[in-house]
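Student: Chain by chain, the residues run as shown.
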Amino acid sequence: KAGVTQTPRYLIKTRGQQVTLSCSPISGHRSVSWYQQTPGQGLQFLFEYFSETQRNKGNFPGRFSGRQFSNSRSEMNVSTLELGDSALYLCASSLAADVKETQYFGPGTRLLVL
Amino acid sequence: DQQVKQNSPSLSVQEGRISILNCDYTNSMFDYFLWYKKYPAEGPTFLISISSIKDKNEDGRFTVFLNKSAKHLSLHIVPSQPGDSAVYFCAASARGGTSYGKLTFGQGTILTVHP
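Those protein sequences? They're chains A and B, same order as listed.
Going by my numbering, the first residue of the first sequence is number 129, and it counts up by one from there.
Going by my numbering, the first residue of the second sequence is number 357, and it counts up by one from there.
In short, the hints are calculated from the structure, not lab data.
Just so it is clear, CB atoms sit at the ideal spot from N, CA and C, and this is done for glycine as well.
Each hint should be verified, as a subset may be incorrect.
To be verified - Straight-line alpha carbon distances no greater than 30 Å define the calculated DSSO-like cross-link-like pairs of lysine-lysine that follow:
| no. | chain 1 | residue 1 | chain 2 | residue 2 |
| --- | --- | --- | --- | --- |
| 1 | A | K141 | B | K361 |
| 2 | B | K412 | B | K427 |
| 3 | B | K427 | B | K410 |
| 4 | B | K393 | A | K185 |
| 5 | B | K424 | A | K141 |
| 6 | A | K141 | B | K427 |
| 7 | B | K394 | B | K412 |
As the list claims (entries may be wrong) - Facing chain A, a subset of chain B residues (Cβ under 7 Å, in silico):
| no. | residue |
| --- | --- |
| 8 | K393 |
| 9 | Y395 |
| 10 | P396 |
| 11 | D415 |
| 12 | G416 |
| 13 | F418 |
| 14 | T419 |
| 15 | F421 |
| 16 | N423 |
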């Protein structure tokens, strides 16, 4: 089975721009979670989608948004980019009927905001 | 407020010896715990997990121990190999509908295994 894939792997943007990142979960997985990793804050939960619905959201501003499609693929969008948005963005998928499920991570998208 | 803490930023171990990585948590709602291994610029790789109804889980060289009364878990790697050198993250999920899809991570411990 193919693992979680994320595109693009690297991205450079300037302040004020917006960006869209994509995540394809493991086949059969219906839940996709997104995380931000920075040196200062570590791995922080952004949001989770299941069956095209956002079920949970972390403590991030409204500039961070996402969606999920009927094939479980997910996108996240960051509008009006700030320097502090430079980070590794990770998505993870699970079967997710339950909170007690293992999440499997993709390789991440490295975003640099100049 | 950091609900999952890995108090040792780094650990150095000789090849063949045991590596013990520790993790403490404060949220009593956590009931599922996981360990991930991560290389720079890659996503975390799942290693092993444990449910709160157990106190030990083994998978090959990896064993996770959970002490609920102390709110403490540890990962034992025996024997350690140079290829185990990476950053190890402890993560936890809480029971309850508002916890869907959310893992809370520790800050990570850098493990270095010397040949």
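Student: With reference to the structure, classify each hint as holding or not holding.
Tutor: Here is what the structure says about each hint:
1. About 33 Å separates the Cα atoms of K141 of chain A and K361 of chain B, which puts this hinted pair outside 30 Å; it is violated.
2. Under the criterion of a C-alpha separation no larger than 30 Å, the hint pairing K412 of chain B with K427 of chain B is consistent with the structure, at around 14 Å.
3. Only pairs whose Cα atoms come within 30 Å are accepted, and K427 of chain B paired with K410 of chain B is accepted, the gap being roughly 13 Å.
4. Using a Cα cut-off of 30 Å, the hinted pair K393 of chain B and K185 of chain A holds, with the two alpha carbons roughly 25 Å apart.
5. The suggested pairing of K424 of chain B with K141 of chain A is violated, with an alpha-carbon distance near 45 Å, which exceeds 30 Å.
6. The hinted pair formed by K141 of chain A and K427 of chain B fails the criterion: a straight-line CA distance of about 42 Å is larger than 30 Å.
7. For the proposed pair K394 of chain B and K412 of chain B, the alpha carbon gap of about 23 Å is at most 30 Å, so the pair holds.
8. A distance limit of 7 Å between C-beta atoms decides the matter here; for K393 of chain B the minimum to chain A is near 11 Å, and the interface restraint is violated.
9. For Y395 of chain B, the interface hint is violated, the least distance from its beta-carbon to any beta-carbon of chain A being 10 Å, above 7 Å.
10. Interface hint at P396 of chain B: violated, since its Cβ lies 9 Å from the closest Cβ of chain A, which is beyond the 7 Å cut-off.
11. With 7 Å as the threshold, the beta carbon of D415 of chain B stays out of range of chain A, its nearest partner Cβ sitting at about 12 Å, so the hint is violated.
12. The beta carbon of G416 of chain B comes no nearer than 16 Å to any beta carbon in chain A, farther than 7 Å, and the hint placing it at the interface is violated.
13. At about 14 Å, the closest approach between the beta carbon of F418 of chain B and any beta carbon in chain A exceeds 7 Å, and the interface hint on this residue is violated.
14. Hint status for T419 of chain B relative to chain A: violated, with the closest Cβ pair at about 17 Å, above 7 Å.
15. Hint on F421 of chain B is violated. Least Cβ distance to chain A is approximately 18 Å, over the 7 Å limit.
16. Interface hint status for N423 of chain B: violated, as the beta-carbon distance to the closest one in chain A is roughly 19 Å, over 7 Å.
Checked against the numbered hints above, the structure violates hints 1, 5, 6, 8, 9, 10, 11, 12, 13, 14, 15, 16; every other hint is satisfied.
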